[in-house]
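Peer 1: Here is what each chain is made of, one letter per residue.
There are 2 protein chains.
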Amino acid sequence: MLALSTRPVVLDPHATVNACASCDARPHSVCNAIPDSDLARLTAIATVTHAQPGTTFIQEGDPATHFFNISSGTVRMYKLLPDGRRQITGFAGVGHFLGLAVSETYAFSAEAIDTVRFCRFSRARVRTLLDDYPKMEKRLLEVASTELVAAQDQMLLLGRKTARERLASFLMMQARQGVMCQTSRTRFPLPMSRGDIADYLGLTIETVSRTFTKLRAEGFIDIPSASEITIRAPVALEGMASGLS
Amino acid sequence: MLALSTRPVVLDPHATVNACASCDARPHSVCNAIPDSDLARLTAIATVTHAQPGTTFIQEGDPATHFFNISSGTVRMYKLLPDGRRQITGFAGVGHFLGLAVSETYAFSAEAIDTVRFCRFSRARVRTLLDDYPKMEKRLLEVASTELVAAQDQMLLLGRKTARERLASFLMMQARQGVMCQTSRTRFPLPMSRGDIADYLGLTIETVSRTFTKLRAEGFIDIPSASEITIRAPVALEGMASGLS
DNA sequence: GGCGGGCATTGATCTGGATCAACGCCATCC
DNA sequence: GGATGGCGTTGATCCAGATCAATGCCCGCC
Numbered sequence: 062m063l064a065l066s067t068r069p070v071v072l073d074p075h076a077t078v079n080a081c082a083s084c085d086a087r088p089h090s091v092c093n094a095i096p097d098s099d100l101a102r103l104t105a106i107a108t109v110t111h112a113q114p115g116t117t118f119i120q121e122g123d124p125a126t127h128f129f130n131i132s133s134g135t136v137r138m139y140k141l142l143p144d145g146r147r148q149i150t151g152f153a154g155v156g157h158f159l160g161l162a163v164s165e166t167y168a169f170s171a172e173a174i175d176t177v178r179f180c181r182f183s184r185a186r187v188r189t190l191l192d193d194y195p196k197m198e199k200r201l202l203e204v205a206s207t208e209l210v211a212a213q214d215q216m217l218l219l220g221r222k223t224a225r226e227r228l229a230s231f232l233m234m235q236a237r238q239g240v241m242c243q244t245s246r247t248r249f250p251l252p253m254s255r256g257d258i259a260d261y262l263g264l265t266i267e268t269v270s271r272t273f274t275k276l277r278a279e280g281f282i283d284i285p286s287a288s289e290i291t292i293r294a295p296v297a298l299e300g301m302a303s304g305l306s
Numbered sequence: 062m063l064a065l066s067t068r069p070v071v072l073d074p075h076a077t078v079n080a081c082a083s084c085d086a087r088p089h090s091v092c093n094a095i096p097d098s099d100l101a102r103l104t105a106i107a108t109v110t111h112a113q114p115g116t117t118f119i120q121e122g123d124p125a126t127h128f129f130n131i132s133s134g135t136v137r138m139y140k141l142l143p144d145g146r147r148q149i150t151g152f153a154g155v156g157h158f159l160g161l162a163v164s165e166t167y168a169f170s171a172e173a174i175d176t177v178r179f180c181r182f183s184r185a186r187v188r189t190l191l192d193d194y195p196k197m198e199k200r201l202l203e204v205a206s207t208e209l210v211a212a213q214d215q216m217l218l219l220g221r222k223t224a225r226e227r228l229a230s231f232l233m234m235q236a237r238q239g240v241m242c243q244t245s246r247t248r249f250p251l252p253m254s255r256g257d258i259a260d261y262l263g264l265t266i267e268t269v270s271r272t273f274t275k276l277r278a279e280g281f282i283d284i285p286s287a288s289e290i291t292i293r294a295p296v297a298l299e300g301m302a303s304g305l306s
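In order, the protein sequence lines correspond to chains V and Y.
Letter by letter, the first sequence follows residues 62 to 306 in my numbering.
Letter by letter, the second sequence follows residues 62 to 306 in my numbering.
Keep in mind that the hints were calculated from the coordinates and are not lab data.
Please read all numbers here as calculations on a predicted model, not as lab measurements.
Heads up, none of these hints are tricks.
Derived lysine-lysine pairs resembling DSSO-like cross-links, with alpha carbons at most 30 Å apart: (1) Lys-199(V) to Lys-196(Y); (2) Lys-196(V) to Lys-199(Y); (3) Lys-196(Y) to Lys-196(V); (4) Lys-199(V) to Lys-199(Y).
If you want a taste of the chain V side facing chain Y, the calculated C-beta under 8 Å gives, among others: (5) Pro-143; (6) Asp-144; (7) Thr-150; (8) Leu-161; (9) Ser-164; (10) Leu-202; (11) Ala-212; (12) Gln-213; (13) Gly-263.
Here are the computed distance ranges between Cβ atoms for each label pair: (14) Ala-105(V) to Asp-283(Y): 53 to 63 Å; (15) Thr-126(Y) to Leu-142(V): 35 to 45 Å; (16) Pro-96(V) to Asp-85(Y): 41 to 51 Å; (17) Gln-120(Y) to Arg-277(V): 37 to 47 Å; (18) Asp-97(V) to Gln-238(Y): 45 to 55 Å; (19) Ser-133(V) to Ala-101(Y): 46 to 56 Å; (20) Gln-113(V) to Asp-283(Y): 49 to 59 Å; (21) Asp-144(V) to Arg-271(Y): 22 to 32 Å; (22) Gly-122(Y) to Glu-267(V): 35 to 45 Å.
Beta carbons are placed, not taken as given, at the ideal position from N, Cα and C, and that holds for glycine.
Starting from the given sequences, assemble the full structure and let the hints guide the process.
Peer 2: Take a look at the structure:
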């Protein structure tokens with residue numbers, strides 16, 4: 062539960078001219094609102110950075126000075142109660158944009174699960190950039206709206222679904238690799254631990270483990286290793302996820 | 062749980078010229094991004110409408126054709142599971158803006174709790190308006206970001222707080238009259254039923270009722286009538302809400 | 001290869017909140 | 001004023017998932 066407090070490492074403080082042009086995340090990300098011809102402006106305000114597993118790079122309550130754009134790896138966002146109870150509000154992968162906030166402080170913390178590479182932008186500079194690219198502003202609104210819909214789904218899950226339905230929902234969501242993509246995989250890795258899954262679904266580690274075991278025993282899934290899942294009955298699981306049965 | 066299916070009543074199909082200028086909600090709402098001098102454009106695309114208690118005016122899954130702006134009354138937004146389990150994702154009051162969505166369909170349903178007055182805007186027309194008022198787009202992004210933060214708080218509540226902490230959080234939030242305002246009231250009405258509160262907090266009616274009774278017995282609150290609350294120990298309740306004790 | 005530590009699994013027991021079941025309190029309407 | 005029906009409250013019991021407690025498994029390291 063406790064994070065290493067090592068600072069993220071800056072790979073390239075004055076990012077090379079084509080850093081953004083060759084970025085893996087660009088096709089998936091809000092950056093694609095900026096035309097190739099103007100990429101230099103984006104590159105100029107981006108700092109390419111990476112974070113080791115377990116590093117906290119956004120701390121709830123700290124002044125919200127930067128935006129982040131994930132180019133590889135997986136991040137967990139979470140909120141804590143004073144006694145250590147944790148709620149993971151989401152996992153962020155390639156192309157995901159972090160740090161939207163009206164308030165002057167971050168509303169959540171973010172930690173690297175595996176090695177994470179990301180671009181960091183100062184909020185002040187992004188604001189001036191936005192004035193010149195209304196299309197980017199539109200993209201951000203789209204992103205925020207999409208996340209709002211996902212958040213409402215998660216409220217339904219946390220407030221009203223059973224442990225079994227929560228796990229089924231989680232697995233089918235991972236199969237779609239996050240929220241972005243529509244194509245569904247039948248075999249995929251789970252970069253996060255059982256503890257992370259538990260804190261995301263509002264359950265305990267033990268309940269997550271037992272429910273996985275049960276779903277396997279019933280033939281819905283396979284668990285080749287603790288961090289890998291095969292979906293055997295996608296339709297049944299999708300039904301389970303949406304509360305049928 | 063079931064809603065009346067009466068349609069909302071259109072009060073003024075071609076809204077009077079100064080409808081927006083004299084609107085009670087304008088100071089609290091996204092509309093204030095449009096200068097007084099240009100209000101006619103806003104008025105021209107607004108339809109002033111009201112809905113009787115229990116009326117469903119947004120239906121999850123229906124084509125998302127309109128935006129809504131509440132000018133008085135209280136609305137519940139919710140999602141249902143096929144067997145009728147319900148999660149209320151939020152209550153919307155004066156100035157609240159509904160209907161943000163990337164998708165072509167609404168992601169949630171919305172019902173009037175009491176008599177609700179609102180403005181309705183066609184999405185297509187709002188889109189063209191937005192092109193002329195980038196400031197309005199910025200306001201929408203602010204609104205979406207604020208709601209996202211509120212949604213994350215609600216996830217923490219639903220995933221990790223006890224019944225007692227949930228009720229304390231709910232009461233302190235109502236005392237701040239929704240999310241917008243900062244000034245905290247010590248006595249206020251609860252327009253929603255115990256069932257609504259339960260479905261908002263991921264509890265049952267019985268647990269809500271019992272917990273209210275207990276908080277009163279312990280001297281934290283008073284319940285002059287079922288739909289009215291007095292906060293007696295705001296500091297203690299705030300602590301309880303954030304998970305201390 | 002054996003040791004240590006961090007996950008994950010599995011079993012036994014407990015409990016907060018759900019469920020089931022009355023009952024009370026108003027309003028509204030004959 | 002008495003019947004009706006929709007909340008809300010209260011009590012008794014139950015159970016899904018939490019908690020407590022081993023045990024297993026894997027991987028890195030000496």
